[in-house]
Every structure is written in C-alpha cells, then in structure tokens.
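2 protein chains.
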Amino acid sequence: MTAILGHNFIGGARSAAGTLFLQSLDAASGEALPYRFVQATPEEVDAAAEAAASAYPHYRQLPASRRAEFLDTIAAELDALDDDFVAIVCRETALPATRIQGERSRTSGQLRLFAEVLRRGDFHGARIDRARPERKPLPRVDLRQCRIGLGPVAVFGASNFPLAFSTAGGDTAAALAAGCPVVFKAHSGHMATAERVAAAILRAAERTGMPAGVFNMIYGGGVGERLVRHPAIQAVGFTGSLKGGRALCDMAAARAQPIPVFAEMSSINPVVLLPAALKKRGEAVADELSASVVLGCGQFCTNPGLVIGIRSAQFSAFLERFAARMDDQPAQTMLNTGTLASYEKGLAALHAHPRVRHLAGQPQEGRQARPQLFQADVSLLLEGDELLQEEVFGPASVVVEVADHAELKRALHGLHGQLTATLIAEAEDLASFADLVPLLEQKAGRLLLNGYPTGVEVCDAMVHGGPYPATSDARGTSVGTLAIDRFLRPVCYQNYPDAWLPEALKDGNPLGIARLVDGIVTRAAVA
Amino acid sequence: MTAILGHNFIGGARSAAGTLFLQSLDAASGEALPYRFVQATPEEVDAAAEAAASAYPHYRQLPASRRAEFLDTIAAELDALDDDFVAIVCRETALPATRIQGERSRTSGQLRLFAEVLRRGDFHGARIDRARPERKPLPRVDLRQCRIGLGPVAVFGASNFPLAFSTAGGDTAAALAAGCPVVFKAHSGHMATAERVAAAILRAAERTGMPAGVFNMIYGGGVGERLVRHPAIQAVGFTGSLKGGRALCDMAAARAQPIPVFAEMSSINPVVLLPAALKKRGEAVADELSASVVLGCGQFCTNPGLVIGIRSAQFSAFLERFAARMDDQPAQTMLNTGTLASYEKGLAALHAHPRVRHLAGQPQEGRQARPQLFQADVSLLLEGDELLQEEVFGPASVVVEVADHAELKRALHGLHGQLTATLIAEAEDLASFADLVPLLEQKAGRLLLNGYPTGVEVCDAMVHGGPYPATSDARGTSVGTLAIDRFLRPVCYQNYPDAWLPEALKDGNPLGIARLVDGIVTRAAVA
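Quick mapping for you: the protein sequence lines, in order, are chains R and Y. The first sequence begins at 4 in the numbering used here and counts up by one. The second sequence begins at 4 in the numbering used here and counts up by one.
In case anyone wonders, no lab produced these hints; they're calculated from the structure. Where hints are given, some of them may not hold.
One copy or any two copies: either way a pair holds, since identical chains are not told apart in the list.
Restricting the straight-line Cα-Cα distance to at most 27 Å, the calculated cross-link-like pairs of lysine-lysine (DSSO-like) are [said to hold, decoys possible]:
| id | residue 1 | residue 2 |
| --- | --- | --- |
| 1 | Lys412 | Lys509 |
| 2 | Lys282 | Lys246 |
| 3 | Lys282 | Lys412 |
| 4 | Lys348 | Lys412 |
| 5 | Lys412 | Lys446 |
| 6 | Lys446 | Lys509 |
| 7 | Lys246 | Lys348 |
| 8 | Lys509 | Lys246 |
| 9 | Lys139 | Lys412 |
Just chain R, same shape as in the assembly (with noise of 0.2 Å):
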C-alpha cells in the first residue's frame, strides 16, 4: 500500500513547510488514525494558487481530447485503487464498503462523462456569424465565438461524499474539463482518502502529459479563506454548509476583482403527499420514504427533510404509519463528530419549538444518530419561521399538515429556495394538482414526480442547483454535464483569419462539432 505522506501537493510536488498537523479520525471511535498531515503555510497556499495559475495558459489550451485523456485516466486510476484505499475511506467516514464502491463507480463514471463532454464538443459554444460584406447600410464583418477555461478554480467539497463530491469529484471534473487547473482544500473529515485520490490525479496527469500545477491540494484549516482571496484564483466550487458557503461568497465578492461562486448549500427538499396517492398506496409511501429520511444517515443534500400532506383520514393512517416505520429504524454512525453535534443541536431546536411536536425517534444520546420525526404547525411556513427553512442533516424529517389546496399553495410558495421538490401523486391528483407545478419550478433546481430526492443521477438534463440557499447562483449545477458551464467564458474573434482561430471555430470545422453559424445549427464546413 501507498505511504500517506500528509503533504500538501503543489506544482506537481510534495510540500510541508508548515508545522502545524492535523490528524485523521476513525469517524466511528473517534481515534486517531496512523495519518498525519501538515498544514499549508500562507506562503504554501499563494504557492498552490501561483502554480495552478503558472498551469493555465497552457492547461487551457491544450486540445479537448488531450483533456478527455486526462479525465479518463483519472478515472483509471482511481478504480484501480486497492481495497486499502476503500478500508481507509470507510474508516474517516463510517461509511460501508458497499456504499464506497458504489461512490468510486460514479466517481470515475463521472470523469469519463466529462471526457465524453469533451470529445461531444458542445461545450465550446461555438457560434459563427460570416461577414456580410454586400450589407447595406454598413457590412458585416466576420465575428466568431466559443468559450474558454475561467482561470484556476479553488475547490471545496462535502464531507458526505467522499470522493463524488470531493477531491475527483463532480466540480474538479468539471473544471478540469474547462481548461482550469484546480486548487482543492481537503476535506478535514477524510484527508487520507483525500492524499490517496490526490496522487491517483497526479499519477494520470504524469501518465498523460499535464503541465505541473493542473491539480493541487492543500491541508489546513482556515487555509481556503486565503485562497479563495488569493488574485489568481477567478472562480469557486462549494459543497457544505449554508454558513461555510455563505461566507465564502461573501468574501469572493469583497475582493478587488469580485469571483464567481458556486456554492451548493441548503436544502429541506419538500415532499408533497396528494390525496389519491395516499388513499392508493399510503402505506408504500410511509414505508419507502422513511427509507429516504435514514439512507446513508440522511447525510444528503437532497434528503427529505419536509413532508407535507392534506388534512385527511388517508394522511392521518399515513403518519401513523411514516412514524411508526421512524421509530423502527436503527441508530447509525455519522461522518464525524462535528456532523453529530450539529444534528443534536438541529434536533434540540426543534424540540423547544412551541409548535413542533415529537412524533417518532428514540430519545437522541450516544455516538449516533437516531432517527427522528417531527410534526411542524403549517403557521411556521406560512409566517416563514426560520427553523423549518434551514436543514437539520442527518436521519430527520419534519412533517406538516395544511387545511386544504389553498393552504398548501400558501405554504410552497412560503418556502425557500430548494435542490428539488417532490410530488407524491396518482394521475387523479395530477389533474387536480397541475397547479403546483409551476410554483415548485420557482423553488427548486429539480422537481420529481413519484420518486424521493436521495438519488442524483449524473447525466445531462440534471440539475443538482437551485435558487437560494439551495445554492449561491440559480444559473449553475454541480451535478450533470451543464456543471462545466460554471467555469466557462465566451470569446468572441472580429476578423480573424483561420490560421489564428481556435479549432473550434475553423472553416473546416476539423473538430466536426455541432456550430451556429449564421444563425442555424451545423457540423458543415463554413464556406
């Protein structure tokens, strides 16, 4: 097995010049692991930022399918990694092994769909407008346009999944696609699992002809507020807290140059129950979507924390139900201490709500979670009360009952931004319902019918994004392929010949992508 050096990784090299150390936990014991890695001084974090600046020029301009190449070998490289790597990323995050191989899988899966991306060519936006020199009264001139990588892009990922949204996760992916060297701060909660995946990057960067400095990594704690200011760095990838991302937003846009943020926040993703879909098939209902609430210990993002049903005897036997199948679920282990507190401290506050009432869950103590369930009063999301807005993460849901079709639209439309929005329904309910629809398409970034949120599929048409808080910038996604839209610019060429042109944008069409030219899409040469 490979030593874990605790080294930060910068320019293609190993650094510690630092001598402050943090220490990698068993998430299930809370001891401390035989890995020790070293803090990066602020002259390491401006050296990472400097290096992944220094890879850039020529990083982003390197051919698409050079990047594809490199996508794909980390991909490689990453599923080749042994059961030691799997053993070790179980042991930071409590996570089973079953789940990690499966995380790894749509990991690497999602790398080769960026190369894929790459390859397809549709990214580059490429947009042609032939001159018009007969145009009266003024000519036109020749203008082209397709986009390029933004510059380097400091990224932070989510302790709950360790490697899918982490350090070869879905926005180094997509950066890397772009053409924008990366700068990733690791994840305290798995910084071995960080170091292992980290030179599985390097090694295929080695293997397929990268400049130094396309990937770095640093350590530390407090680190990524430094970067984050640091000149070079001209774009943001966040997944984590509202209170973590807002901060980093707040601080990209007090820069002198302001940066972009993508920060993937919070959500409570709302579940809608509709009558005749109770009445058919209520107790299915209850019993799959408390298997939602707890799957992987409710660590998602898109974990339903909102049930919200009419006032009826079919929801009436439902919750009877939903809270009994709450009650049955065993206690699990979190990611880690830090993750534990925070979800007691979200529990407690809704047990000193006046109007929220304990329906289902062992009384919360020990070194897990139990599962919990609560009965919110409709008021508290008709007068937008802040406690039902933001999630408490972890195996809990909150459930709310309204009066009637109106009541519930009031109380959707009193919601916040959302991830998704999900509808329980028969085809009787769709047509009572069809309201709803486009009130949930101005809450959330995805809307599902008959299904629960927990799984995110990585493909085209998703959108893992929304308004706020769900994210800092409706615009963007950090799940599917439209994720590299958040790290890329249009340039637009007046008159150039095609000698100097980018390949995109060469009569020839030599890539043979898919172009506007003149206004009317085209993989045909431009005359």
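Following the hints, put chain Y in place on chain R, whose structure we already have.
Chain Y only, in chain R's frame:
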C-alpha cells in the same frame, strides 16, 4: 405629439405620489427642457418591483412565440415614433439626428433578433435523458431539463446609448426574451426619451396582451439602491461606470438572498500596432484610429483608450501623424455636464502624472470636450499604475511605446480585464506575434484584427463582456443573443408525464427545436 407626463410606470399604470421633481435638460445649452419628472417614492419603488413579481408567473409561462410577438411589437412601436421623438433625444443627449435614427434601427433590430432567438428555441437548453429501466445495477429514470426566466430583473441603462443600451435596450430585450419582467431605472440624462420609449413598450404590451407589470419604469436619484435590495428582484443588468456598477454588485451580494449582477463597466480597449502593418499603412492607421477615438465624442464603452506600439522609425512616424490628426479634431458637445466634468477630471489626472506627456489637443475649456492625446511611460503598465487602467470617458487616448516584443507581452500582461483587444497586423506580423493571441484571450471578451473596436455588431457570435473590471462576470455578454443566458436558469423534471412537461420537453417535440437527447443533438420526437 404625445404629452410627457413625468409619472412613473408601475403595473401598467402611471403613478406620481412623490414630491421630488427632476428636470430634463438640453445637453448642449444646459437649459431646462419643459419636462418634469416625479421621483419615485420608496413605496413606488416597492410597488414597481411587486408589479414585476406579480407579472412573472404568468409572463414566464407564455409560449416563447407570444414573447417574440411582444418584442416584435415593441420594435414596431419604436420604429413608428415620430420626428418629435428624435428631436427630444437629440436635445437631451446632444447626439446628432442621424446617429439617433441609426441607433433606433439598431435597437428595434436587437428586439427582433431576440424574437428570432425565441422562435429558434435553442435558448430553452432542452436536454432529455430517457429512462433505462434495464440498466444495472440501478435503472435510470427519465430526466429532462430546460431553462426558465430567473424572475424580475432591475435594469440600469447607460447615458451614451439613450436607445440601444437604455429603456428598450439590450438588457431589457434579453430579460423580456428570457421571460423576466423588467423594472427599469430611467437614466437621469434622458428622461423624456425614456418616457417616450416606455410608453411605446406599454403600447406593445397592451396590443399583445401581456400582463400588467411586465415592464415598469421609475424615475429618480438613489431609487436604484432600494430597487436592487427589493426581495422580488432576482437579477440586475447595468451599463455605466465602474464605481456605480461595483456599488450595485456589492449591494446585491449583501442581500439576504444574493442575486447575480451583470455590470458592464470600465474598459480601455488596447490597440496594439504591429511593425509590418505600421510600415505598410501607418498613415492610414493614424487616420482611422483618430477617427475611432473621437467617434461619438469618444463616448463608447469600446473607445480605444490605449494604443501600444514597438519603438521604431515607423512607430515614431505613426505617432507624429496620429498626434497631428488628433490636433485636427474639433471639439464636441458631450452627453451632459456630468460627463464633461468627469472627462475634465480624467484629463487633469493624466496631465498631473510625471510620467505622462501631453502629445496633442487644445487646452480643455468651455462647454465642449476637446480631443486629447497623451503618451505614458511603459513603466505605468509594467508597474500596474491605476491611472492607465481606468477609462477616461471621452475623446482621449493614451499611447505607450514598448522596447520590444518581450516588453510588449509584459505590458499586456499588466492590463486589467477588457471588453476588447485589437491587433493591427499584416500577415508577417501574425507569424511573429502569434503568442499575443492567447494572452489577449485571457484579457478581453472580444479580439479584433485590423478593425476598430467602436462598432459592436448585434449577432449570435458577439461578446460585449470580459474579465473584471470590464464587467462584473466574464461569463456573460450584454450585446448579442448570448445575453439571454444571464437571465435563465435550468430546471430538471424527473419522471414527469408528458402532459406535465413544458412544451420544449414533450415527447413529440411540438416546438420542433433542436434538443440534446441521450447525448445527441436532434429535432426528432422522443419515442
């Protein structure tokens, strides 16, 4: 001629609750014109934002063809405005009638181009990933994505294009096309113009059955701040000064819910003169460049404010002729006294700098702007002196002489972000200076060869954007059809039945648009 009431436009009606009045002025004489405007009260600002919010759910869901009809009708109403209208614009801005007539055509053409974009349908960003029930280990569910308007947009127009970048200008057209109602802050430099244009928009809204509140306009100083802070506003478009744009960005970032701002601000638009071109046609370049610097009294965002050449006999000869041509240029009236004062301040700073030399131009005095040419020592660029980085809005330019190719690259490297970067070059220059292109790509949104940046074509391939401080977000453009992207966000539908999907995503492809289906662009129906 239509009377000019001077009341705010809120929710399809006129409103004048305030007691503060603003006067329209004759730009040439400074005299009061017989038009008085009532500043919006704080309550009226809120009412305008709320009117836009009320219109949003209905307006965004209209078929794109209906919004296209609205834009076409605004264009027709603009084109139908009478000679009195042109006379008012000329009096308020001191711009000549031919320019205003041309700008009107550009503005109505821009609206019609966005109508074409709506009919073409690529703005929907339709993506379909069909279900794969047979996939192992997990089946894939049907996922579809398209884009919707962000919500009400606050638009701040520019003084220098009272039509094309103002009330019915590019930002308004892009927002309305995207399905976003607009609250426009009337520019204090052309309020009577704004009123006539706003009335034309409202006539078009009425003729095409648009919801009240689809377009609103408020008058006043400082009312924009309250507007940007209003919770209903979901995005901002701005064209103007760096100071003004940055203030709006900071306000938007500090909101409880931060919102995106696209601010087009400051650019000095470097023009690099390469040796073979100077040798072959230095005199012609001197003539053309001086004409570009003084065009429209230099009141363009893309005015060439920095001219760079390599020390040589031909550069000295060019400089001599360029200075002579600049000396020949007559004084011109600026848009308003504020613009003139700011021009005078900019010139004074250049005159005061010990390493800046005055090359041409009569002493600045009186009510008109006199064209000026300066030469700055290259050390100002190499050391990043702020004086050269911010534009002097008006008919002035600064020349910098560099020692050689290497110093040229260092000087360009020191530039901030730009809207444009121009090379004047012959084929043999292209061979020797190919390494400038990637450098300029990193600095600017539009690269020109053998042209002058002051013309900005409205088309699919245009980028009127660029890295900060040219704009607040290099990923956008405020001219050209890509401008619509700033105001759209993606929404994903998971497992939705055909009846509930937006038209753009239905199986049969009723809109007949190009869609990305399972990774392939096609207009075919989905089976």
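Item to check | Unsatisfied constraints (hint numbers, rising) | outcome: Failing hints, ascending: 2, 4, 8 and 9.
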